[in-house]
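Asker: One-letter residues, chain by chain:
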Amino acid sequence: MITATDIEKKKPLAGLSESGAYQKLLAFASLIALLIGFSIASPNFMQTSNMIAILQATSVNGVLAVAATLVIITGGIDLSVGTLMTFCAVIAGVALTYLGMPLLLGVAAAIAAGALCGLCSGTFVAKMKIPPFIATLGMMLILKGLSLVISGTRPIYFNDTPGFDQISRGSLIGEVFPALPIPNGVLILFLVALAASYILGRTVLGRYTFALGSNEEAVRLSGVNTDAWKMRIYALAGGICGIGGILIASRLNSAQPALGLGYELEAIAAVVIGGTSLSGGRGTILGTLIGALIMAVLTNGLRVLSVAQEWQTVVTGAIIILAVYADMARRKKAG
Amino acid sequence: MITATDIEKKKPLAGLSESGAYQKLLAFASLIALLIGFSIASPNFMQTSNMIAILQATSVNGVLAVAATLVIITGGIDLSVGTLMTFCAVIAGVALTYLGMPLLLGVAAAIAAGALCGLCSGTFVAKMKIPPFIATLGMMLILKGLSLVISGTRPIYFNDTPGFDQISRGSLIGEVFPALPIPNGVLILFLVALAASYILGRTVLGRYTFALGSNEEAVRLSGVNTDAWKMRIYALAGGICGIGGILIASRLNSAQPALGLGYELEAIAAVVIGGTSLSGGRGTILGTLIGALIMAVLTNGLRVLSVAQEWQTVVTGAIIILAVYADMARRKKAG
Amino acid sequence: EDVYIPLVSKGFQHQFWQAVKSGAEQAADEYGVTITFEGPDNETMVDRQIDMLAAALANNPKAIGFAALDSQAAIPLLKQANDKGIPIIAFDSGVDSDIPVSTATTDNAAAAGLAADKMAELIGGKGKVAVVAHDQTSRTGIDRRDGFVNRIAEKYPDIEVVTVQYGQGDHLKSTEVTKAILTANPDLSGIFGTNEGSAIGVVNGVQELGTEGLVIIGYDSGKAQKDAIKSGLMAGAITQNPVGIGYETVKAAVAASKGEEVPALIDTGFYYYDASNIDDPEIAAVLYD
Amino acid sequence: MSKLVDMTGIEKYFPGVHALKSVQFDLVPGEVHALMGENGAGKSTLMKILSGIYQRDGGTLRIEGQEVSPKTPREAQDLGVGIIHQELSLMNDLNVAQNIFIGREPRKSFGRLDEAALNAQTAGIFASMNLNLDPRAPVGSLTIAKQQMVEIAKALSYRSKVLVMDEPTAALNDAEIAELFVIIRRLKAEGVGIVYISHKMDELKQIADRVTVMRDGEYVGTVDAADTPITRIIAMMVGREVNEEPLDVPDLGDAEVSLEVSGLSRGKEIQDVSFSVQRGEILGFAGLMGAGRTEVARAIFGADPRDSGEIRVHGQNVSVKSPKDAVRAGIGYLSEDRKHFGLATGMNVRDNIALASMDLFLSKGGVLNDAGMAQAAQSYIKQLGIRTPSDTQEVRLLSGGNQQKVVIAKWLLRDCDILIFDEPTRGIDVGAKSEIYRLLEELAGQGKTIIVISSELPEIMRLSHRIAVMCEGRLTGILPGGKNTTQEDIMHLATQRAAAMQVTGTLQ
Ligand SMILES: Nc1ncnc2c1ncn2[C@@H]1O[C@H](COP(=O)(O)OP(=O)(O)OP(=O)(O)O)[C@@H](O)[C@H]1O
Ligand SMILES: Nc1ncnc2c1ncn2[C@@H]1O[C@H](COP(=O)(O)OP(=O)(O)OP(=O)(O)O)[C@@H](O)[C@H]1O
Ligand SMILES: [Mg+2]
Ligand SMILES: [Mg+2]
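Chains as they are written, first to last, in the working numbering: chain A, 1 to 335; chain B, 1 to 335; chain C, 1 to 289; chain D, 1 to 508.
Worth flagging that the hints you see were computed from the coordinates, not collected in a lab. It is possible that part of the hints are untrue.
When the alpha-carbon atoms are kept at most 30 Å apart in a straight line, the in silico DSS-like pairs for lysine-lysine are as follows [claimed, not checked]:
| id | chain 1 | residue 1 | chain 2 | residue 2 |
| --- | --- | --- | --- | --- |
| 1 | D | 108 | B | 127 |
| 2 | C | 155 | C | 126 |
| 3 | D | 268 | D | 483 |
| 4 | D | 200 | D | 324 |
| 5 | B | 332 | D | 268 |
| 6 | A | 129 | D | 324 |
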C-alpha cells in the first residue's frame with residue numbers, strides 16, 4: 001500500500017525551488033519577456049553596463065525583499081524594512097565616522113542594530129500579540145524618527161573610512177574576470193539570498209518559518225516555543241535589513257537619514273510578484289529575486305526608453321498586474 | 001426545547017457595534033486618554049478651533065479609512081485609496097473647470113470614476129485572482145500616473161466653480177448653531193460612516209462582506225456568486241474614495257495631482273488601530289473612525305506641544321503600538 | 001513675554017530645509033524668540049501642510065513663517081490668521097495673496113536659468129543635455145526645470161534637452177535615473193540636477209558608470225556636492241541662501257509682530273559657485289554642509 | 001421506482017492520484033444509501049462531483065433521468081442536490097442564523113436584510129431538529145459538535161431532493177445522533193434521497209437501506225443493509241476480515257503512577273478535577289458533549305491557562321505553562337480538531353510528522369536532516385497505512401481520515417511517556433480503527449501512559465482499563481474497565497449534574 005517512491009531522491013533546496021522548478025521557470029518567463037521587449041525597443045538597453053546597472057539597482061531592494069520574504073512566510077508583514085535599512089546605515093555612520101571604529105566592527109554594529117530592531121518588532125508581534133502590520137508600522141515611524149535624531153538630521157559621510165564605498169561599488173568578480181565587472185553589492189545580494197534560501201530550506205528556523213505561516217496554533221500545540229522562533233525570524237530579517245543599510249550607505253558613501261520611506265512597498269511588491277503568498281506558509285527566495293529583478297528591469301527599461309515620468313508610473317502599475325496575472329494563469333494550468 | 005430567547009430584540013447596527021458596545025467603549029479609552037493627556041500638557045490644545053482643526057484633519061483620512069475598512073473586512077487590502085482619491089479629485093477638476101459641468105454633475109462624475117476604478121480593482125481580484133495587495137498596488141501606480149497625465153501635471157483650481165470649496169470648508173451646522181462651526185467635510189465623513197455602517201450591518205452586501213472575509217470558500221460552496229459580490233464591494237469602496245477626492249479637492253480648492261502616496265498606509269493604520277482584523281471577517285466602522293481620530297489627535301497634539309518633528313515621528317510610532325497593545329490587553333481581559 | 005513664531009515649511013529632512021531651519025534658529029537666538037520648524041515629508045502633501053498650519057495657529061503665535069506648497073489651498077487659514085492679527089511672512093516661494101506682509105525668497109527660475117547659461121558655456125554652446133529633477137509637480141521642481149529648459153530653448157538653439165526625468169530628490173533613485181539616461185544617451189554632454197539629492201545622484205551615477213567628460217551642474221550645497229566640485233566631478237552648482245532665507249524670515253516676523261514696517265520683498269539671492277570661488281567668503285557664507 | 005441519481009463510469013484524476021476509477025452509484029427517492037469505504041477510498045470525491053464542487057473526468061451523471069454536469073455548487077443546488085461537507089465549512093465570524101441562510105437571506109427592499117425573519121426561520125429549523133441553539137450565537141464560539149449541527153441545519157434548510165451527508169456524526173454524541181436519525185427518517189418519509197457516509201458501522205443497521213462499498217477509488221459492490229452482516233461489509237471495504245479482540249484489562253499491580261492531576265480548575269469549564277494514571281494504563285474519558293474533557297486535556301497540556309491545580313509526572317511536580325513545557329515533561333496531546341490545532345495543512349506529510357520532534361533531526365547549526373525525516377515519515381506512512389502518493393504530498397490534499405493518521409504519527413514519533421488522545425478515531429475507517437486500538441494497546445504494553453477521550457461509548461469500553469466520566473466540568477466518577485461496567489453505568493455518571501445546574505437548565 002505504501003508508495004515509497006523517491007525516498008532517495010534528494011529534495012532540492014526547499015527555499016529556492018520549494019514549489020517545483022517548473023513553476024519558478026515559468027515565473028521567470030515574465031522577466032525574460034520584459035528583457036526581450038526592452039531590447040527590441042531600445043538598442044541601448046542590452047549593454048553589459050546597463051545590465052550591471054540593473055543588477056546594481058536590484059541589490060538594495062533585493063536584500064530588503066529577502067528580509068520581507070522571511071517575515072511574510074510566517075504570515076506577518078514587515079513595513080519597517082526601508083526605515084530600518086536607513087537606521088542601520090546611520091548606525092554604521094555613527095560607528096565608523098563619529099566613533100572611528102574599524103570597518104568590520106562598524107559593519108557588524110550596523111547589522112547587530114538591525115537584528116536588535118527586528119527582535120523588537122518580533123517581541124511586539126510574538127509576546128505582545130500586536131498585529132505585524134501595526135507593530136512594524138510603529139517601528140517604521142520610530143526608526144524614521146530615530147535616524148533623524150541620531151544623525152542630527154544630516155547625512156553622515158564615510159570619507160574617513162577608506163574602502164567603505166568599495167563594499168558596494170568595488171568588484172571582486174571584476175578583478176578576476178575583467179569582462180564581468182559585477183559590483184560587490186550584487187554579489188552580496190546573491191550571498192544573502194543563498195544564505196536565506198539555505199536557512200529556509202534546510203534548517204529548523206526555516207522549517208518553523210513555513211510552519212508558523214501555515215498554522216501557528218498547530219505548531220504551538222506540537223510543543224514548539226512559537227514565540228521564541230518568531231522573534232528569531234524577525235531578528236534575522238532585521239539583520240538582513242542591516243546588510244541592506246550597509247549596501248546603500250556604501251553606495252552613496254554616506255548615511256542619508258531621510259531615505260527609506262516607500263522602500264517597504266517596493267520590497268513587498270517584489271516578494272508578492274515572486275509568488276510568495278501574503279497569507280503565509282509558502283514562498284521562495286528565488287521568486288523574490290525574480291520579483292525584484294522584474295521591478296528593476298521595468299524601471300530601468302522605461303527610463304532608457306525615455307518614457308514620460310507619468311506614463312512610466314502607469315505602465316509599471318499595469319505590468320506588475322499583468323506579470324502576476326500571467327504567473328497565476330500559468331500556475332493554474334500547471335495544476 | 002428551543003429557547004428562542006429575544007429573537008425579537010432588535011440587533012443594533014452591526015457595523016457600528018458588531019462586537020459589543022463594551023469593547024468599543026474600551027477602544028475609545030485610548031482616544032480619551034490622548035485627549036486628556038494633551039489637554040493637560042498644553043492649554044492651547046482644548047480650544048474649539050483646534051478641536052475643529054482635528055476633525056477637519058480627520059475628514060479625508062477618515063473617509064479613505066472607511067473605504068479601506070470595507071475591503072479589509074473581505075480579507076483584502078486596498079493600497080490604492082490615496083491615489084484613487086487624487087484621481088477622483090482630478091476628474092472633478094476636469095469636469096468642473098475644463099468641461100464646465102454644473103457642480104452636482106461634476107461631483108457625481110468624480111464619485112462614479114471612483115466606483116469604476118474600484119470595480120477594476122475588484123475585477124482584478126475576483127476574476128483574475130490577483131492577490132489584492134498586487135491588484136491595488138498596480139492600481140495605485142496606474143492612478144497616480146493617470147492623475148498626472150489627465151491634469152497635465154498641474155493643479156486644477158476650482159475658482160470658476162463658486163461654492164465648490166464650501167463642500168468641505170463651509171459649515172451647515174455652524175449656520176444653525178454658530179457656536180459649533182463644524183465644517184461640512186466632517187459632516188460628510190460622518191454621513192459616509194453612517195451609510196457604510198448601515199450597509200455593513202443591515203444589507204446583503206454587508207453580510208457578504210463579512211462572510212467573504214470569514215471563509216470565502218464556504219460562501220462559494222453555499223452557492224453565492226462570490227466574485228460578483230466582491231466586485232461590488234470594491235466598487236463601493238472606490239466610490240467612497242471618490243467622495244474623499246471631492247473632500248480634499250474642495251478643502252484645497254484645487255485638485256493636486258501628485259498628492260495621495262502614503263495616504264494608504266495612514267488609512268490602513270486607522271482601520272487596524274480601530275480593531276479591524278487584517279485577516280478579514282471582523283471589523284467596525286466606528287472602530288475605524290476612532291482609529292482615524294486617534295491618528296489625527298496624536299499628530300495635532302504633538303504639534304501643538306511643539307515637539308521637535310523628528311521626535312514627533314518617534315512618539316507617533318510608539319503610541320500607535322501602545323494604543324493597539326492596550327486595546328489587545330483589554331480585549332483579552334474582557335474575554 | 002515669550003514670543004512664539006512657528007515656521008511651516010515645505011519640507012523637513014532635506015539639507016536645504018535644515019539650513020533654512022538653522023538660519024531661523026540663529027535669528028531666534030538673536031531676537032530672543034521661540035520658533036518651531038515643521039514641514040511635510042515631501043512637497044506633494046499639500047493638505048498635510050494645511051494641518052500643520054492649523055496646529056500652529058492653535059498656539060496663538062505672534063507671527064507665522066510660511067512656505068506655501070500651494071497658495072490657494074492655504075487661503076482660508078491665512079485669512080483666519082489675518083483676522084486674528086497674526087502677521088504672515090512667506091518664505092522660499094511667494095504666496096499668491098496680499099495677506100503675507102513680507103516674502104523672503106529666491107527666484108528659482110532665474111537661478112536655473114543661470115545654471116543653463118553656465119551649462120551652455122561649459123559644453124561649448126552645442127550638444128545634448130538632460131535634467132534630473134526632484135519633483136514633477138512642486139513649485140520649486142517646476143521652476144527649476146522650466147527655468148533651465150526655457151533658457152536653453154530661448155538662447156541656445158544648438159543645445160537639445162533630450163530628457164527630463166525625476167528621482168524624487170532621493171539619492172539612490174536619482175542615481176538609477178542618471179544611469180538609465182546615460183545608457184539611453186551615450187553622447188550626452190551635460191546633466192543638470194535640480195536639488196541636492198538629484199545632483200548627488202547624478203554624480204553617483206556617473207561615477208558608477210565610469211562616464212567621463214560629462215558636465216554636471218548641481219543645485220544647493222551640502223558636503224558631498226562641495227566635495228564633488230572641489231574634485232572636479234561636478235563643474236559647479238547654483239546655491240540659494242537658505243540660511244539667509246531662514247534668518248530673514250524670522251527677523252521680518254519679529255519686526256512685523258511688533259507692528260514695525262517690513263519690506264514687502266526680501267530677495268535673499270542666488271549664486272553660481274565652482275572650484276574657483278567655492279572658498280570665497282561671500283560664497284562660503286551661503287553654503288551649508 | 002425512477003432513480004433520483006444515477007452515476008456510472010465516473011473517473012476523477014488529481015495530480016498523482018487516480019481518485020475514482022469507473023465508479024457507479026445510484027439513489028432512489030426515500031432511501032438512505034450508505035457509502036462506505038476506507039479512508040481515501042474516494043467517497044468524498046464522488047460526492048463532490050455530484051454536488052458540483054469537482055467536475056468529473058469521465059462517466060455520466062443523471063439526476064432524475066437528465067444527464068447533467070453541475071459546474072458550481074449553486075447549479076447542483078438548483079438541481080436539488082444539497083451536501084453536508086466532511087470538513088466544516090462555516091463562516092466563524094458570522095452567527096448561526098447568518099451561516100445557515102448565507103446566500104438566501106430573507107430580504108426587504110433595496111437589499112436590506114430582514115434579520116428578524118432570518119432568526120425566526122432559523123429558530124424554526126432548530127425547533128424541528130429538537131436542537132437548543134441560539135440563532136444569534138457566533139459560530140466561532142461553538143464546539144465542533146454544535147458547528148456540525150449548524151451544518152446539518154443548513155443543509156436541511158435547502159429542502160433538497162438529494163441530501164449528501166459526509167460523516168455528519170463524526171463529532172456528535174449518541175443523543176445527538178439519535179436526534180439526527182429522527183430527522184433522517186422524517187426526510188425519508190418525505191421522499192428525499194439521502195447519501196450517508198460514515199465510519200461508524202453500527203449506524204448502518206439503524207438507518208441505511210442499501211450500502212455501496214468503495215475501495216481504492218473503485219466500486220466494489222452494492223448490498224442490502226438489512227440482510228448483509230456487518231462483517232461482510234467490512235470485508236468488502238478492507239478486502240480482509242477484521243477481528244475485534246475483546247478487551248483484556250491487565251493487572252497493573254502497583255505500577256508507578258506516571259501522571260497525577262489534582263485540583264485542576266478553570267472557571268466553569270473545569271471544576272476541581274483530580275485523577276491519576278499508572279504506567280501502562282489506558283484511562284478513558286467519557287462524557288456528553290461539552291462535559292469539559294477537551295478542556296481538561298488542554299489544561300494539562302498547557303494549551304490553555306488554568307486557575308489552579310497541580311500536575312505531577314512520575315511523582316515530580318511539573319510546572320506546565322505552555323505546550324512546550326508539557327512536551328518537555330513527556331506529555332503529548334492529539335487535538336480533536338485536526339484542521340485548526342493538529343496540522344499545518346499547507347505543509348507536507350513529512351514536515352507534519354516531524355513537527356513535534358524537530359530536535360531529533362538536528363545536526364550542527366540547526367541544519368535539518370531531511371533524509372532522516374523522510375525515513376521516519378515513510379515508516380509511519382507504512383505502519384499506519386496513510387494513503388498518500390508520497391511523504392512530500394501537502395497534507396491538505398489527503399482525505400480526512402488520512403490527515404488524522406498524520407497527526408497520530410506526529411505524536412508517535414515524539415515518543416512521549418504520556419499521550420492524551422482526544423477523539424483519536426474521528427473520521428477513521430474500521431480497518432484503521434482497529435489498527436489504532438491495537439497500537440494504543442501496544443503503546444500501553446510498552447509502558448506508556450495513555451488517556452483516550454472519546455464520545456463513542458463502544459470505543460471507550462473497548463479500550464479503557466479504567467473509565468473517567470465527566471459532567472459539566474466535574475469528574476463525576478471513575479469506573480473500572482472491562483465487562484462489568486455497562487453503558488448505563490457510564491451514562492448515569494455522565495448525566496449526574498450538580499444541583500445548581502439542574503435549575504438553570506438550558507446550557508448552550
Ligand atoms: N484536491 C485533491 N488533490 C489531490 N488529491 C486529492 C484531492 N482530493 C482528494 N484527493 C485524494 O483522492 C483520494 C480520495 O479522497 P477522498 O477525500 O474522496 O476520500 P474519502 O473516501 O472521503 O476518505 P475519508 O474517509 O478519509 O474521508 C485520496 O487519496 C485523496 O488523497
Ligand atoms: N471555543 C470555545 N468557545 C467557547 N466555549 C467553548 C469553546 N470550546 C468549548 N467550549 C465550552 O467549554 C465546555 C467544555 O467543552 P469541551 O470541548 O471541553 O467538552 P468535551 O467534553 O471535550 O466535549 P466534546 O465532545 O465537544 O469535545 C463546554 O461548555 C463548551 O461549550
Ligand atoms: Mg471523506
Ligand atoms: Mg472534546
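Asker: Does each hint fit the structure? Answer for all of them.
Answerer: Okay, the hints, checked on the actual structure:
This hinted pair checks out: residue 108 of chain D and residue 127 of chain B have alpha carbons roughly 29 Å apart, not beyond 30 Å. As the CA atoms of residue 155 of chain C and residue 126 of chain C are separated by approximately 11 Å, the hinted pair is consistent with the 30 Å bound. With a C-alpha separation of about 34 Å, the suggested pairing of residue 268 of chain D with residue 483 of chain D is violated against the 30 Å cut-off. Distance hint between residue 200 of chain D and residue 324 of chain D is unfulfilled; the C-alpha atoms sit about 35 Å from each other, more than 30 Å.
For the given pair, residue 332 of chain B sits about 18 Å from residue 268 of chain D by alpha-carbon distance, which is consistent with the 30 Å threshold. Using a Cα cut-off of 30 Å, the hinted pair residue 129 of chain A and residue 324 of chain D holds, with the two alpha carbons roughly 18 Å apart.
This entry does not satisfy hints 3 and 4, going by the numbered hints stated previously.
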